[in-house]
Structure formats: C-alpha cells, structure tokens
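Novice: Listed below, chain by chain, are the residues.
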Amino acid sequence: DAGVIQSPRHEVTEMGQEVTLRCKPISGHNSLFWYRQTMMRGLELLIYFNNNVPIDDSGMPEDRFSAKMPNASFSTLKIQPSEPRDSAVYFCASSSQETQYFGPGTRLLVL
Amino acid sequence: GNSVTQMEGPVTLSEEAFLTINCTYTATGYPSLFWYVQYPGEGLQLLLKATKADDKGSNKGFEATYRKETTSFHLEKGSVQVSDSAVYFCALETSNFGNEKLTFGTGTRLTIIP
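Quick note, the sequences are listed as chains A and B, same order. My numbering applies: residue 1 is where the first sequence begins, and numbers increase by one. My numbering applies: residue 112 is where the second sequence begins, and numbers increase by one.
For the record, the hints were derived by calculation from the structure and aren't laboratory data. For each residue, glycine too, the CB sits at the ideal point set by N, CA and C. One thing to keep in mind: the hints can contain errors.
[Claimed, not checked] Residues of chain B clear of chain A, computed beta-carbon distances all greater than 10 Å: (1) Ser-114; (2) Ala-128; (3) Thr-162; (4) Gly-189.
[Stated by the list, open to error] Below, in silico cross-link-like pairs of lysine to aspartate or glutamate (DMTMM-like), each with a Cα-Cα straight-line distance of 20 Å or less: (5) Lys-24(A) / Glu-211(B); (6) Lys-68(A) / Asp-56(A); (7) Lys-171(B) / Glu-211(B); (8) Lys-179(B) / Glu-127(B); (9) Lys-24(A) / Glu-153(B); (10) Lys-188(B) / Glu-174(B); (11) Lys-171(B) / Glu-127(B); (12) Lys-188(B) / Glu-127(B); (13) Lys-68(A) / Glu-44(A); (14) Lys-68(A) / Glu-211(B); (15) Lys-167(B) / Glu-98(A); (16) Lys-78(A) / Glu-44(A); (17) Lys-24(A) / Glu-14(A); (18) Lys-24(A) / Glu-98(A); (19) Lys-163(B) / Glu-98(A).
[Claimed, not checked] Computed footprint of chain A on chain B; a stretch qualifies when at least three of its residues, placed anywhere within it, have a C-beta under 8 Å from a C-beta of chain A: (20) 132-141; (21) 154-161.
Take these sequences, add in the hints, and give me the full structure.
Specialist: Right, dumping it as structure tokens:
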C-alpha cells in the first residue's frame, strides 16, 4: 500500500492567493483527518470526516478554511484567501480501527 | 473532557542511556492509549498502543504500560540510539468504535548524542 498521499509536498504562495491541499487516504479507511502543525501551536486537528461526512470541524480556524471529501479516496483543504499566519505543515491522516496513518505533509509558506 | 499531559522537552541523552518520557491523561470512559513518533521532515507514525488497563505496548525496543490507577502511559527504552532522535507524542482515543479523533499531547523532542 502506498500509504496516505498528499500533494503538493511544498507550496509557496503570496498573501491573498487561494491554496488547495490534496489528500488521498489509504484504501479501505473510512475516517480522514486534517491537522496543522506549527512551532507555536503544535499539532492541531482542523477537521475530520467519517464515511465522507464531516463529523467535527471545530478546529477550523475561520471561514477562510474549508474542507471537502467528495468520495472515499479524495479530500481537499482549501484556504481562501491565504495569510502569512497560515504558514505551517498540514498533515492528512486516515484511520481504520483506531490507528491513524499520517501522510508526509504539505509545507505551506505564505509570503 | 479528554486531555494528555506529557513531559516537557527537549530531552537530550547520550547513546545507550535509559529513556523515560512521562505521559498522564484525563479521559471519560475507557480510552485507548498511543505513542506516535515524528522523525524530522516526516509525518507522525504509530510507535505502540495499548487498548485496556495493564496492557503493555511495545515496538522497536520501546515499551509503555497502561496504568489505570495512575492514569499514565509512560514511554521507556532501555538503551537509546542516535536514530531514536525524534519528537514523541502521547495520545488517547475514547470512542467505542474506533475511527474517532485522537487527543494528542504537546510532544517531547528527544535528541540522542553519540
């Protein structure tokens, strides 16, 4: 199995631009999680889905952030418009039977 | 609510030293407990887990025992190596059905000196 796949691995953009992060979970996993990691705030859960349905989005920082899961094999996290304080590493994880498997992350830099 | 408190880092040890990273938790119900490890530039990966009281999780020479009486899940290794340098996260989950969110500690950065 290829594991959780995230793209792009690195993204540099300018303030105000739209950013879309992509995730392909492990086949057969029915839960998907989006996290953000920074030095200041550590690891934060943004949102998670179960069977493609958003279950808890209380960690989404504000309306500029949105996430979708149109099918069991794909999810996106969108930031529009992006701001410098959104610079972080964004992880996607999928799970089956308690254990979460993390992707390699997308390192986002907003200038 | 659920919470995890783990040892503040960073922790620096010499190679072959004994390692303990403390983790305590507060949870409703009967949580499953986890240790995840994050190597530089990578995502988190499961190191070990325990799903009920007195269970011992082990992997790669690391061990942790689920202590319900002290609400703890301390990570130990008898002889650390340089390759163990990473950030270690303690976590819990309280769902009866799995596939629910994890509550993570803040992470402990471990550096092993040759």
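Novice: Need the list of violated hint numbers for this structure, in ascending order.
Specialist: Violated hints (numbers, rising): 3, 7, 8, 17 and 20; every other hint is consistent with the structure.
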